Every structure is written in structure tokens, then in C-alpha cells.
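Residue numbers (my numbering), protein chains in the order written: chain A, 11 to 341; chain B, 11 to 341.
Do not take every clue at face value.
Which copy is meant is left open, because identical chains are indistinguishable; a pair holds if it fits in one copy or across any two.
Stated by the list, open to error - Here are the computed lysine-lysine pairs in the DSSO-like style, where the Cα-Cα straight-line distance is at most 30 Å:
(1) Lys-265 with Lys-134
(2) Lys-70 with Lys-265
(3) Lys-88 with Lys-78
(4) Lys-198 with Lys-55
(5) Lys-70 with Lys-190
(6) Lys-78 with Lys-287
(7) Lys-88 with Lys-265
(8) Lys-317 with Lys-225
(9) Lys-70 with Lys-99
(10) Lys-55 with Lys-310
(11) Lys-190 with Lys-55
(12) Lys-78 with Lys-190
(13) Lys-70 with Lys-156
(14) Lys-194 with Lys-50
(15) Lys-265 with Lys-194
(16) Lys-317 with Lys-70
(17) Lys-225 with Lys-288
(18) Lys-156 with Lys-61
(19) Lys-88 with Lys-250
(20) Lys-194 with Lys-274
(21) Lys-274 with Lys-227
(22) Lys-198 with Lys-274
(23) Lys-78 with Lys-194
(24) Lys-198 with Lys-70
I should point out that these hints are in silico values taken from the structure, not numbers from a laboratory. Note that the structure is a prediction, hence the values are computed from the model and not measured.
2 protein chains.
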Amino acid sequence: MLSLLLSGEKLIWNLLDEQDSSLPEFFEILSEFVEEGLIKIEGDKAYLTEKGREFAEGLKYYEVRCRKCDGTGYGIIKDIENDYISITKNRPLPLPEYDQGYISPEGVLRRVSFMVERGDLYGKIFVAGDDDLFSIAASLTGLPEKISVVEIDERLVDYINKVADRYGLNVEAEIHDLQKDIGKYRRKYNTFVTDPVETLPGITLFLSRCVSSLKGKGSSGYFGLTTLEASISKWYEIQKLIHDMGFVITDIRRKFNVYPNDGKNFFSFQNKLPIVKKLGFISSDYSWYKSSLYRIEAVKTPEPLIKGDEMLGGMLYHDEESWATPEEDNS
Amino acid sequence: MLSLLLSGEKLIWNLLDEQDSSLPEFFEILSEFVEEGLIKIEGDKAYLTEKGREFAEGLKYYEVRCRKCDGTGYGIIKDIENDYISITKNRPLPLPEYDQGYISPEGVLRRVSFMVERGDLYGKIFVAGDDDLFSIAASLTGLPEKISVVEIDERLVDYINKVADRYGLNVEAEIHDLQKDIGKYRRKYNTFVTDPVETLPGITLFLSRCVSSLKGKGSSGYFGLTTLEASISKWYEIQKLIHDMGFVITDIRRKFNVYPNDGKNFFSFQNKLPIVKKLGFISSDYSWYKSSLYRIEAVKTPEPLIKGDEMLGGMLYHDEESWATPEEDNS
């Protein structure tokens, strides 16, 4: 993050985006750099002091990500691009109470491309929570046998079903709270897709429900995970529980999913985000919230860690790292 | 793999490259498709039969990988490209007895880019086996504090040291058999880089040596792993041993490393590769051997599974999945 500053002052959000620590860890490192007199902060920008510039000597910043695909390695299937993008224009906007926030349409389309290449778009797909409208993008390809969406938000369920009806897509959405057992969806799907909450109890719950939906050995799953709200130590615990449920990790693609700061996404309730309170300023239009795309595959019969209902309440959304999740108390 | 054939006949090597099974599994699936009358093989090409075409109906093939970066997501640092490529032109060529084979210069340069972005190129780097001449590419950036290479092949050690001398690079190579403990290299490095053999005893040994070289928590490691010689079940075992050694997996980027079939690489001793014997023909110039790039990071004090000497003999290189590794008996 110091190397980035060699070329001049940068937005704090840009620094945050150039590193892999969680938000609390980032805040601590940033504070240390300021205390040690290596960087100065003015407004929402940081720059190197003379001391910082000496310290950073020998570092060098290179722009290395591919610009054509935003570093994802994947392109967009043109056949479905226009329809999908026009459908997202009227989407129900994120609500803080469900920790909603959507991935850029390009990111969703790239996820579809990646899944097509993996051969994972042909069968039955289970989607747990779909504020990204992934189900729509996937079914527009005409490839999936069937897509079932479970979603807590009635607005999204209605929107997805209406679009499916209008475009003749084989998607069905139903209202469901993942704290409740998935019942009829059990053991029917080839692949699941979700962007889980990132508390350890929350992700254990989300992944357990998704894993329960799968047919068996050889079934696969996709989910996003940030380093911002899930530290590397939490990743370690999550990876162990993935193994415990009978899955191998086949892919981890960093910053595949970008949450666009487009004036409508979850950044619009920044006053409720702990990181914004800590830093003391809002984030203009920099899209700093990104996540890695995981793909996992069952090497044995999938074994969910949670079976039956599990009411987590506030523990579902909040832990000591959830600094980009709206706080409950003042919503 | 059937969807690929919808557009016409394809090289078997191309089919192999479009799927994620290990070589023995691929051979079994291919044989089944032939037996069921879905595909026919003529020479080194396969095509869909009428029955196969009916079966594949509803499938569709999309070219989805970014062409600019070959699906890797990363570009090449231009400052070092010319020097590195000219240095590789006189490289010692692969020997079957050490299971050698080199990654394309572009792939090595992209690995360097990826490591620069991660901040992993600034410290001390331990390289275990370097037929890719990665150490040269990395040190040409001028960023690493020091690079130590251990390598069993005297030709490579000499070549690396000569180049380092000529270009003034801080790389030191030494002859070392990884079956022997790494002694003076222990606990000194920030990052390791290796492309291990892919038998379970072999990779346990390689990773143990590399892990032993690391300083502690926060240190990182990079290695390549194919799906061709390491089935998804073997991946599962490997991931468990990564966790057991105290590491989290932060990245898995598929097909990041391409072994070019350029007339000089290990494909030149195809008569010694089991997969070539099984299929009954050689592979023309298709570069079908690729591996995923793993990055791992220590979340606690790294704990190698193997300490002290461990002489594996033939078990180092060969198991029931090593179908792209030269056989011992007729070399």
C-alpha cells in the first residue's frame, strides 16, 4: 500500500483496495503508519511524508492486472449481455436490514462465463439469496435445466418471478429464511451459488443450506468471500469447514466480484457502516468492496454442518470484522 | 468436452485441455464415450457421431477466457520481458530423470506480476527446483532482497549462477536434493516458490522443505498443481496437508502455468509418457500440460510434515496418476 503512494496522493479507499487485510486490520495498519509519521491523511486522501518516502524507497508500484477483463481472466457472453443489463436497471434496491448489496452486472456475467467453462451451468442450480439477479443471467443462456432461488426478500422474489415469466426463463424464486431448514430443496441440485454473510456462524449456515441442496459427489458450489470482512484467519476456519463438509476447493479468484459504488448500491447507507464511522468520511464513488470467487466440489457425499432450523438473530450478520455491514442499533 | 465437439472434430489433446479430470479418469471417460458410440477417434482427432450429436443437443460451447491475458487476469511487466526471454533461449533443456519441464516465459512473467501485486516479491525468496528460471525473472525486477535456489540439476545451478553474475542479480543457486533436510535455509525466507512433483509423498516432501524455509506467520508460498496428474481427490488430501502445516489457501488460479509444447520441452520424450502410450499417438504441438497456481499464507507458525532426511526413491515421481511423468524402466 506504500508502493501505491509513491506516485502521489491516493484515496484511502484505493489503499484499502490494494491490500488483503480485513477492515479492522487495515484500520490498525493505517493508524500505525500515521503515528509513525510515514503517511499523512487529508480529507479522504493519504500521501507519503518525507520519512515515508525514504521508507518506501526500493518499493515500486506496477499495474499488473489485465485491463480487458479487469483481472478476472474471463469475458462476457455477448448473447445475454443486453437483456441482463436492461433487467438489472429496475432491480429492487438493497436494504440494510438484510445486509444486501449487489455485484456489478459485468461481474455476474463473468461468473456465468466461468461456470459455463466449468460445465456447471447445464444442470439444476440452487441459488441462496439473489440480490445479484444471478439466476436471471444464468438462465438467459438457455443452458440450465432449472434454477431455484430461495430469498428472504419478497421484493426480489417477485421481481425474479416476473422477469422469468416475461422472458420465458426456467427460474423459480420462493421466499425462504435460510435460518430455516430447506425442506423440499434437499439433495436435488448439481450446483449451488450464493454470496453468504461473512460471520463464521452466518457462513456456516449459508453453506450448510447450500450443501444440503446438492445431489452428491461431483456436485459443485460457488460463493463470494471478501478479505475485508473475513480475515485470513477466518478464511482458514472457513476452508476447514468446507473440507469437513466433504468438499475440495478448485478455484479462488480474487476480486472477481465488484460491488459497484453507483449511487444505488449498499454504499448509499454508508452512515450505518462501521468502517465509514471509523474513518470519519464517506467513500465518494470508489468501488472498494470486492470479493473472491470460490468454486468447491464434493469429493464425497456432502455433509452439511448444520441440519434443521438454526435461529442466529444478530449473530447472523455481525461479528468483530463486519465493518462493512450496517449496524442494527441505528437503522 | 462434448460441447467443444459441436463445432467439428478436435485434437484429443484439446479435449483433454477442456476438462478437469486426471489423465487416468480422462482416458476412462474418453473410452466410455467411444464404447457408447457418442464419439469416434481417427488418428489424434475425435468427432461426434450422429448419436453423440443428439446426446450433446442443448449443450453449447462458448469461448469465455480473456484472450489478452490467456485467462490469467495478469499482464507482463515490460521492463523485464526482453531480458528474461533472451535468457531462456539458452536454458538447459529438460531431462526425463528429474521429471523436468518448463513453464512458458509468459507464464513465469505473469507469476512475477501476480507476486508483485501481492507484495510478495520484496523480501527473501526460497525457490525449490527452478527449471522455469523463475528466480531470474523475479530478480530482474530488482525488487527481491535475495533469492536462494536449491536445485538437484547441476546444469541449472550453473546456468542460474552464471546469468546472475552477468546481470548482477541477487540470486544464488546451490545443488541440493530435496530428499535431504534443507539445513542452513531453515526459517529465513518470506516466500517460497516451487513446482512440485505431484505424487502425494513427493508433494508432501517438496512443500515440507519449502515450509521449513519460511520465517513464520504471514509468510507465503506459491506452487503449481495440475488436475492431470493430481485428481480432485488428491487435491483434497493436499489441501488438508496445507492446512495441517498452518496455511490458508488465498488463491487458486487455473491454467495459469502453461508448459509450451515447443519442440524442446518435456514433450520431446513423449515415448516415455504413459498417457502417450495409452492413447497410442504423440501430441503434435498442442500445449496440453497446464497447472493451477496456488498461493498459500501461514496463519500460524509453519509446521512441515516431514523433518529430517526422507529418501523416497521411485515413490517421489511415480504413482497411479503420474501419466505425464516419464517411466523409469525404459529411459
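Next item on the list: Return the numbers of the hints above that this structure violates; sort them in rising order.
Entry: Numbers 4, 5, 6, 10, 11, 12, 14, 15, 16, 17, 19, 20, 21, 22 and 23, in rising order.
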